[in-house]
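Q: So the chains spell out like this:
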Amino acid sequence: MSFWEKGYLATGLAVLIAGAGYFYFVWQQSAGLEQIAPPNWGTFGAYLIVVTIISAGSFITLGSLEARAADDPDTVGDFDERDRFVNMKSLAAASYITSIGGYLALVWFLFHHNGDLLFHSLVGALMIGEAAMCFLHVFNYNRAY
Amino acid sequence: MAKRPPITNRVKELREANDQMSQSALAKEIGVTRQTVIAIEQGKYSPSLESAFRIARVFDVGLEDVFGWDGD
Chain A
680 MSFWEKGYLA TGLAVLIAGA GYFYFVWQQS AGLEQIAPPN WGTFGAYLIV
730 VTIISAGSFI TLGSLEARAA DDPDTVGDFD ERDRFVNMKS LAAASYITSI
780 GGYLALVWFL FHHNGDLLFH SLVGALMIGE AAMCFLHVFN YNRAY
Chain B
23 MAKRPPITNR VKELREANDQ MSQSALAKEI GVTRQTVIAI EQGKYSPSLE
73 SAFRIARVFD VGLEDVFGWD GD
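Read top to bottom, the protein sequences are chains A and B.
Our numbering applies: residue 680 is where the first sequence begins, and numbers increase by one.
Our numbering applies: residue 23 is where the second sequence begins, and numbers increase by one.
Because the hints were derived from the structure by calculation, they are not lab data.
Honestly, I wouldn't trust all of these hints.
Now the in silico label distances, taken between C-beta atoms and shown as ranges [to be verified]:
#1 A:ALA771 x B:ASP82: 34 to 42 angstroms
#2 A:TRP706 x B:LEU85: 53 to 61 angstroms
#3 A:TRP787 x B:GLN64: 39 to 47 angstroms
#4 B:SER44 x A:ARG747: 14 to 22 angstroms
#5 A:GLN707 x B:LYS50: 47 to 55 angstroms
#6 B:SER70 x A:THR740: 28 to 36 angstroms
Built from N, CA and C at the ideal position, the CB exists for glycine as well.
If we strip away everything but chain A, and leave its shape as in the complex, we get:
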């Protein structure tokens, strides 16, 4: 598994774990309020911080581990034609997934007219899109072209 594959896998898992935490807190708050909890900086900010720390931390740790094991440490993290091709394919597919999630959130809003629910649905769509982008990278690195 290459440096980029490992990094995307770690980031995808970070998004899923932090996303599950986000929706667990929203669910807890909603149960206490007996209605959909309004968005707040505490929960959303915590999600962003956890994802950023895990993602950046894994890329930095993987980079230093790979550099120690590589014959030529300067080449760790290089991005070549195959990386660009995989990146382009993965981003294109992930953008469709994100768009579909966004449209579904808007359709849901048309039925419920609840802005809080719309916010959480859009956050969910973005999380799914981000996780899909990461896992599509891993998938595309392993399939044949």
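Position chain B against the provided structure of chain A, taking the given hints into account.
A: For chain B alone, kept in the frame of chain A given last:
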């Protein structure tokens, strides 16, 4: 898993015949990562035309001595 591309290659064979050239050394010569050389040798990735020419030049052979077509 997706069907393999119909392009075959003799990169591994030529590399080994060329003083057991390492995958890293070939990667450096043609300007790609070692993972890309591995993917090319495994037939999982068809390189760009530019990289194909660079590979042929490294081994001092023609393009068709490195790559072949295995499709209809």
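Q: Compare the structure with each hint and give your call.
A: Hints and how they fare:
| no. | hint | in the structure |
| --- | --- | --- |
| 1 | A:ALA771 x B:ASP82: 34 to 42 angstroms | 38 angstroms, holds |
| 2 | A:TRP706 x B:LEU85: 53 to 61 angstroms | 60 angstroms, holds |
| 3 | A:TRP787 x B:GLN64: 39 to 47 angstroms | 45 angstroms, holds |
| 4 | B:SER44 x A:ARG747: 14 to 22 angstroms | 18 angstroms, holds |
| 5 | A:GLN707 x B:LYS50: 47 to 55 angstroms | 54 angstroms, holds |
| 6 | B:SER70 x A:THR740: 28 to 36 angstroms | 32 angstroms, holds |
Hint check: no violations occur; every hint is consistent with the structure.
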